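Q: With the hints as a guide, dock the two chains, each given alone in a separate frame, to form the complex.
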Amino acid sequence: MLRFLLLGLISLFSLAMPAWGGTVALVLSDQGSTYSDFSGTFEDALFGTTWSITARHQANALPALAGQTDLIVTVGSEALRKTLGRGDSPPIIATLLPRQSYEKILAEFRRPGRSTAIYLDQPPARQATFINHLLPGQKRIGMLVSTESRNVAGQYRQAFSNAGLTLDSEDADTDSTLLPALNSLLSRTSVLIAVPDSKIYHRNNIKPILITAFRYQRPVVGYSPAFVNAGALAALHSTPAQIARQTAEMIVAHGTNLPPPSGPSQFAIAINSNVAQSLGLNISDEAAIRRAMVADREGR
Amino acid sequence: MSHLTLRHRLLLLTLLPSTLIAIVLVGYFTYSGIHTLEGELRAKGMATVRYLAPVSEYGIIAGQLESLHGLAQATVQESGVKAAVIVNQKGRTIAVSGRVSLGAEELRRTMTEPMQVGENEHWIAFAAPVKRSVNESDVLFEPGADSKPVSPEIIGYVFVEFDKTELANRQRQLLLRGLMIVLSGLLILAALAIAMADNLARPVMRLVQAINGMSSGRLDTRVPATSSGEIGILENGFNEMATHIEEVHFSMQSRIEEATAQLAFQARHDALTGLLNRREFEHRLEKALAGVQAGGEEFSVLFLDLDRFKQVNDNCGYLAGDELLRQMALLFQGRLREEDTLARLGGDEFSVMLANCSGPRANQVAEDICGLAAAYRFIWQDKVFAIGASVGLTTVNRKVRNINEILAAGDAACHRAKESGRNRVCEQEAQLIPDRRQETANWASRIASALADDRLLVEAMPLRALQHPSGNHLVELTARLNEPGQPPVTLSALSDAAERYDLAPAIDQRLIETAIAALSRAKSQQKLLHCLVPLSRASVGNHETVEFITRSLSSRNLPGNRLCFIFSEDTLTLLTSHAMEFSRQIRALGCQIGLDDFGGGLSSFTHLRSITPSYVKLSRSLTRELGGNRASTALLRAVQEITADQNIHTIADGVDDLDTLEQLRSLGIDFAEGKAIAPSEPFDVWLEGAVMRSA
Chain A
1 MLRFLLLGLI SLFSLAMPAW GGTVALVLSD QGSTYSDFSG TFEDALFGTT WSITARHQAN
61 ALPALAGQTD LIVTVGSEAL RKTLGRGDSP PIIATLLPRQ SYEKILAEFR RPGRSTAIYL
121 DQPPARQATF INHLLPGQKR IGMLVSTESR NVAGQYRQAF SNAGLTLDSE DADTDSTLLP
181 ALNSLLSRTS VLIAVPDSKI YHRNNIKPIL ITAFRYQRPV VGYSPAFVNA GALAALHSTP
241 AQIARQTAEM IVAHGTNLPP PSGPSQFAIA INSNVAQSLG LNISDEAAIR RAMVADREGR
Chain L
1 MSHLTLRHRL LLLTLLPSTL IAIVLVGYFT YSGIHTLEGE LRAKGMATVR YLAPVSEYGI
61 IAGQLESLHG LAQATVQESG VKAAVIVNQK GRTIAVSGRV SLGAEELRRT MTEPMQVGEN
121 EHWIAFAAPV KRSVNESDVL FEPGADSKPV SPEIIGYVFV EFDKTELANR QRQLLLRGLM
181 IVLSGLLILA ALAIAMADNL ARPVMRLVQA INGMSSGRLD TRVPATSSGE IGILENGFNE
241 MATHIEEVHF SMQSRIEEAT AQLAFQARHD ALTGLLNRRE FEHRLEKALA GVQAGGEEFS
301 VLFLDLDRFK QVNDNCGYLA GDELLRQMAL LFQGRLREED TLARLGGDEF SVMLANCSGP
361 RANQVAEDIC GLAAAYRFIW QDKVFAIGAS VGLTTVNRKV RNINEILAAG DAACHRAKES
421 GRNRVCEQEA QLIPDRRQET ANWASRIASA LADDRLLVEA MPLRALQHPS GNHLVELTAR
481 LNEPGQPPVT LSALSDAAER YDLAPAIDQR LIETAIAALS RAKSQQKLLH CLVPLSRASV
541 GNHETVEFIT RSLSSRNLPG NRLCFIFSED TLTLLTSHAM EFSRQIRALG CQIGLDDFGG
601 GLSSFTHLRS ITPSYVKLSR SLTRELGGNR ASTALLRAVQ EITADQNIHT IADGVDDLDT
661 LEQLRSLGID FAEGKAIAPS EPFDVWLEGA VMRSA
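Chains as they are written, first to last, in the numbering used here: chain A, 1 to 300; chain L, 1 to 695.
So that you can see chain L by itself, here it is in the shape it has in the complex (with noise of 0.2 Å):
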């Protein structure tokens, strides 16, 4: 039954009730009719003596045989009678007519009653007995006869023998009858039984397809909802079911799509700016180059670095770097051509592909877009910054073997163009460089290396006391990278990648070495020696600085007063919490602690109460242009106010040439360092010369 379809199972149910039903009917019925036909035939038999008895009585008593023979030819005229003996009292045939089948024997039976006598398969025999017929008596002149009440004498039997073929024939008729009617019954109820199957189960089998395309894929399966009732209801929610998944996965599908595309945008473009990245640009430089070494024109590619992108950075937050780098993304698009390709690698790098364009024209891209990154300005908030751009240049030729040698040359010409004061182009020819630097790729091993190798020189920045001139000797400690064969690299310089690359840690445990090491040996000659020591991000958020501190300064015994640490004010922005901590620790040691950067926003008034330092270092957008511009000079007078209240001493740096000092000296603040006071010089020369030899 489990294997079965659901339009056989109702076939079955319809079919083999009614089959049964209509078998057992037909049956029972066609079996009464046989029945019936044979009782009939008996009936009529019996019937059939019954009278042919009296009438022959006559006969029999006259001994009249031709109408006896008479009467047994009208039986033979009967339907059915086969033939008719009429035999006296003694068994003897007295007439006879039709072929008789009964025995000599059977026929001299003797029976009281009407009764059958014999009967196979193709006939059957009644017989009864001949009666003679009783007058009423008359008691007058019967004397005797009256009381005692005599059985009628028998004078004779009569036989009739039927054909049993008319009744077999008859019997025969009746049972093809029933089983015409049970086929034709049974072929009109298969019929509807067909049909109410199909009508119920095709709906059904129509959805179970649907459901299997469905289930294959295809999603635009639908029924046609033509039933009604409950078939219909499923119609209908199916179809509804196949909308809407169908209209979900097409909008996921689109979704997805979308996102796909994003994705592929996302993957060649850079979030920032919207220019292309470093990713993108490589693959196309790869195919101009392909196409150059095809035997196209040749082209040319810049490499920019901002300049004073990081002091943006960290003077006003990453917002403003981000914004720093977009506004920079449209300036140089804005001078370039349809065919150039501007692309941000990363950081504040750019680099410009410019198809078709090489030698003085090239040069003369580079120089524009030099000149525009350095009058350009950007102003953040209530600060002004002057942006410049170094720009390194390189055309490339069909001599150039792959893009690594464009990317180095590239690089390597902006380094040189950094290097050299910045703000400048310095060409490269790509093919030519033999052992290039990689740039950010190996800051790492050549920061270790350096301090591995003692090749991080350490130099003194010499301060001066503008208001009271004493013979304490003020100076701040900053490194420089030297290496074989290369310009020195400055801190400033290094300390993106050293940041980066979490090694301005080690740089700053050098620079506090050096300084205590100095102040101890200035202790033993009964100097007065008071060392800045800059402090990197890094190091004020890890608590190991103060360890190393505490422990070097009591290895030497030496008390902390004559050391003050200096960190950056978005130092201070960005992890106030580590900076106070790190200030509370500090003092404790009794050090001091120093403000880089100061004034720059107006945050930084809020730092002195926060973190109440000794020193701060003055930003440059206070001291830049202090000769013409009298805001300035009225807001670096407000900022000279505010710390002299709070006995906070002033440091200027920078400080170029003697007007600038003078000014600075008559506006009160109280330190200066620059050329102008003294060039920075190694540590070790420094503290021998002007510390060890003073008097």
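Extracted from the complex, chain A is given alone in its bound form (with noise of 0.2 Å):
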């Protein structure tokens, strides 16, 4: 909640802000079509701005941006390790990047400040409305946590248990306790959700974790779309296109004053019917899910 006040101020704060602008670099870690929609909505939303984006750069083939433009947005994890490996550099916006990957790269390059990022992570308390509604009744929900995850896993069961949700978690530090701790952990709940853990949530490992919860006959709620396909019955996400506006928002307000890295504002639904099928389930269309998620945030 104090969290919330000092957004609102630093908003307000902005906005009471003479309008100014400056240029933008983007630096893009591939140039495939998530990034492509990233870019071009980004484009989009700084139109008509004072921000005017300069240059489009691909990660391999990285310029020396120092003194070239006022901000640089990296989009993907890659773009921000190889902009931060250029040494000196403009303020930064890393975006389309899970929070575990902004950390861990921040901490190699020990570069305090100067730079803010827009997480993939979805807000605790924004899963645990989604659970409510997607699986109403479902209240035991588990959680396999590593080292990387571990700290997350606070932040949720506190989240969860405002939301009237009960979060059991088990350790899965390496491959082989894996299935162990799943099978333990799926025993004693009836929902599985995962959070953006690299060490747990593998291409190597999702199968073998979709197929054992599947098993128990237990859904596992992912976090992104490619998750869902592969099994999961449904992710709560934002698409790079949400992102993408919510970066050049925060580029209009901020400049290159930055704010503290945040989660995402907009997010979408993702949902499994096969798998909803298979499972039994009968679950309400994505779009319901959706104007129920956001009658109970206004409402609240």
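These aren't lab readings, by the way, just hints derived from the structure by calculation.
Computed from a predicted model, the values in this text were never measured in an experiment.
The C-beta atom is built at its ideal place from N, Cα and C for all residues, glycine as well.
Don't take every hint at face value.
Keeping only pairs whose Cα atoms sit at most 25 Å apart, straight-line, the calculated SDA-like set for lysine to any residue is [what the hints assert, rightly or not]:
(1) 131/L with 177/A
(2) 207/A with 57/L
(3) 207/A with 62/L
(4) 131/L with 142/L
What follows is a list of derived Cβ distance ranges for each label pair [to be verified]:
(5) 152/L with 176/A: 17 to 23 Å
(6) 152/L with 217/A: 27 to 33 Å
(7) 297/A with 136/L: 30 to 36 Å
A partial selection of chain A residues facing chain L, derived with a Cβ cut-off under 10 Å [claimed, not checked]:
(8) 76
(9) 204
(10) 211
(11) 212
(12) 223
(13) 230
(14) 240
A: In structure tokens form, the structure reads like this:
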């Protein structure tokens, strides 16, 4: 609540500030559609503002950026890593990356300040609301944690208990302990929620995890559309376009006075109806859930 | 190949290639079938491990041994699967089902792709790695993992062993089936080929057998003409050919038989008269003699010799002679009984065997036949001949030893009849002839020895000039064979045999010599002598005769103008060119020519022109019946007129009585000879008496 207040203050302050502009350079991790979506939406969002995009760079062909631009927006973890690798640079807004990655990269380069981020990680409270609307009546939620995600587990437990849910977690630091931990967790809980954790959820593990959950007839709530495609019941996520718009808004509002890193303000919902059918669940459609969630937040 | 029969060749030609093709085809398909089966097993094995590997993945990852065991067992349930093994990454077996044959070493093998890991004759093993399945990476949440494509982690292996006994069984089955197909196919093929070969070869074999049959003489061999096409043509052709050959053979056979019968008939019969010939007669005589000797009744044999047959032959030619013989045969046959046997022994000799007849009855028959012959008149063209027969009779009784005795006795009797004036019957007993003459068989030696011993008596037949008597002595020479104890044989009787045995020229030469000697002697005494010398046909045809005459005349230094050579008209008819040449040469010597037996035929007058003779001896047919027959008289007068017109002297011979002589004289005939003029006497006697002592 304190944070929201602070955020609100900053917003007000920035609005009060006379309008000023500058140049932005985009650094993209790759040429994939995700990044071009972001790039397109971002440009659209900046159109008509005092900010303009002066350069677009690929992360693997990055020229010296110092003195060239007022602000750098990196898209994806790799872009941030490469940009920081250039050493002295303008302020950076890192987008389209999990919080874990941002913190890890920053720790690698020990460069405090002068950079902020818009994470992909959804806020725990939003997740709790989502689960309540998605699977009403399921109260015991399980979560696998490793050393990377153990610190967020507390936030989740707090937010879930606020939403009337019980979070049960199990440590799964290595591959060998993963499935046994999962087995014991799934036998205790009714829903498994996955948070971004590169130690647990990587492409080699996702299938066994999903199969195991399926064997227990437990729905999995993931964190990306890819997860949903692989077999999770649903995921709460933000699209690159949503992040791009949020980034543009942030630049317009704050200019080079970077706010602290934050989660995505906008979100989307992905549901795998086949999985729902297989599990015998009757799930409302995505729009209905979203509407319910928005109504719930405004109502609060 | 060459010693095989047609059938075998056909069989070989049909069966060999098809057998080879069948074996090759079935062999190929069986082989490829066996390989296909093996390939199927391999494909199945690979497919099995390929499916089993991903299915096992979660079990390995999750360490769910029960589910892996279940998988292994389910795999073993598959047909042909002998064992299934699932091992983990480190090669430790975590699930097994069935009886495993792979060793521990092989189970610890690593690989990246499904493969065959082992095989022996009983089993074959396949293996595949179990790979961890990889999800699509989420680039946003998994930085760094996106760009490099990593090969999926291998978390274990599956091994599946297949039993090959079933494969072997199926392969064996396939092989057996192939063999069965080959065998049954070959059996059907063989049956067809045999049927075909038989169908083709049987008609040919039938033809071959038929040809063998034909060549071994069975001419009635035929083949059934059942085939069609070329073989049918062959069969029909063979049958036609065989029929033809058979017909030809049988007609030849019948002709040969006919000819044989004819020959047999001819061997026993006389061709001219159709009577039995001498051989057959002797044969029957022998049989009859055997019958008599065995106690049968006696029988008689007559031997007939035609009188004046030669005259007919000489005057009218052989055709007339032949006709005479035929008529006489018929005449005799008509008088005889069925059981009597009439035969012609040769020439003008006949013989009759009178069965069961002897003594006076036989004599009566002989007299009858003799009378028949005497009464018979043979008419040829415009001439009439009186024919007679000299008959010898001999009776055959059991005292006769062989047929030669009969023949000799008959012959002797016949001869005696002829000698004693012809046209009569003489009898002779067979066994009573101690030294019998062999009739014609020894004429040659008789004449030859007579000539050598000077027993040939030359006689003179004086001629009398009827119109203008003169001192000129005209004589015709003739001869007589004188043998001790035998009656003499006249020249006319001799001439037949003499001509036949080529002795006539010798006799003629004797006459010529005698005549020339007489002329020489007469000339020395200044006596006028004119000799007429008869010549035989052989002498006229022989040019040596002229040389002989020339030589004889010149040796005595005589002119030829007192010599006249007489030959018969039939010599002229038969040897016209020789006779003309002869007369020309004779006339060149100064000698004269006379024609004997003139006026017997109409051709006589043409001879007058071609020969221009100085004398003609009138035929007896002209002078015979001068007394009562006015036609004969007229004919004689006509002849006389013609000859007189040509200055040819006419001679009548055989004038035995004075009446005839007187008639001849009145008709104008120039000369006459015969008993009414002077009997014939030995030439020397006549020469000394009539010529030398004349005034």
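Q: Now tell me if each hint is right for this structure.
A: The hints, checked one at a time:
no.: 1; hint: 131/L with 177/A; result: 20 Å, holds
no.: 2; hint: 207/A with 57/L; result: 11 Å, holds
no.: 3; hint: 207/A with 62/L; result: 11 Å, holds
no.: 4; hint: 131/L with 142/L; result: 21 Å, holds
no.: 5; hint: 152/L with 176/A: 17 to 23 Å; result: 19 Å, holds
no.: 6; hint: 152/L with 217/A: 27 to 33 Å; result: 28 Å, holds
no.: 7; hint: 297/A with 136/L: 30 to 36 Å; result: 32 Å, holds
no.: 8; hint: 76; result: 7 Å, holds
no.: 9; hint: 204; result: 6 Å, holds
no.: 10; hint: 211; result: 5 Å, holds
no.: 11; hint: 212; result: 7 Å, holds
no.: 12; hint: 223; result: 7 Å, holds
no.: 13; hint: 230; result: 5 Å, holds
no.: 14; hint: 240; result: 9 Å, holds
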